[in-house]
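Visitor: Got chain A; can you put chain B on it based on the hints?
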Amino acid sequence: KAGVTQTPRYLIKTRGQQVTLSCSPISGHRSVSWYQQTPGQGLQFLFEYFSETQRNKGNFPGRFSGRQFSNSRSEMNVSTLELGDSALYLCASSLGDRVASYEQYFGPGTRLTVT
Amino acid sequence: GESVGLHLPTLSVQEGDNSIINCAYSNSASDYFIWYKQESGKGPQFIIDIRSNMDKRQGQRVTVLLNKTVKHLSLQIAATQPGDSAVYFCAETHTFQTSGSRLTFGEGTQLTVNP
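Chains A and B, in that order, give the protein sequences.
Going by my numbering, the residue at position 49 of the first sequence is 49; the numbering climbs one at a time, nothing skipped.
Going by my numbering, the residue at position 115 of the second sequence is 115; the numbering climbs one at a time, nothing skipped.
Calculated directly from the structure, the hints in this document are not laboratory data.
Hints may contain errors.
Unchecked claim - Distance condition first, Cα-Cα at most 25 Å in a straight line; then the derived SDA-like pairs of lysine to any residue:
hint	chain 1	residue 1	chain 2	residue 2
1	A	Lys-57	B	Ala-29
2	B	Lys-71	B	Ser-19
3	A	Lys-57	A	Pro-39
4	B	Lys-68	A	Glu-103
5	B	Lys-42	A	Gly-58
6	B	Lys-42	A	Leu-88
7	B	Lys-42	A	Arg-73
8	B	Lys-42	A	Thr-7
9	A	Lys-57	B	Tyr-32
10	B	Lys-71	A	Thr-7
11	B	Lys-68	B	Lys-42
12	A	Lys-57	B	Asp-49
13	A	Lys-57	B	Ser-19
14	B	Lys-42	A	Gln-44
15	B	Lys-71	B	Gln-45
16	B	Lys-42	A	Gly-3
17	B	Lys-42	A	Pro-39
If we strip away everything but chain A, and leave its shape as in the complex, we get (with noise of 0.2 Å):
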């Protein structure tokens, strides 16, 4: 079974401008989260997406959004790019339901530098 892959694995921007990173989960799983790490904050929890909705959201700005699609694919976006936006952005996949949401598999991530 193929693993969590995200796309990019790596991006260069400029301050100001916003990036899109996607993200597809292992079959079958129908949960996905995004997480930044950051050397000086370490891992830090984006939100998670089930079934297209948003169902949970960590303390971020409103700069920093996603989406998830009807196939569990999702996608994050970063709008306004600040330098402290550079980092690994991980994505996890999970089945979702209550019991196994806990066992989250996470993707390579993408590495951003704003410049």
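Guide: Frame of chain A, contents of chain B only:
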């Protein structure tokens, strides 16, 4: 606020020794605890998890211990191998009333295995 933290940022062991990585958490209402391993350039890899109603769980060469009295979690790796060198994160899950989960990660411990 709630947080999950680790006692040591780095741990160096000899190949073949047993490793113990510790974690302290603050939210006594947590449902689940998970250990992840992250190798350089990769996303976190699920190692083992434990429910809050359990004290111990064993996997292949790994054991997780949960002490709810002192809010302490540990990961024991038997016969540590060079391939175990990585950053290890503990994570805590919350289950909201509306279902879904989010992970709160600790800061990570860099395990180095010396040959």
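Visitor: Quick one: which hint numbers does this structure break? Sort them smallest to largest.
Guide: Violated hints: 10, 11 and 13; rest satisfied.
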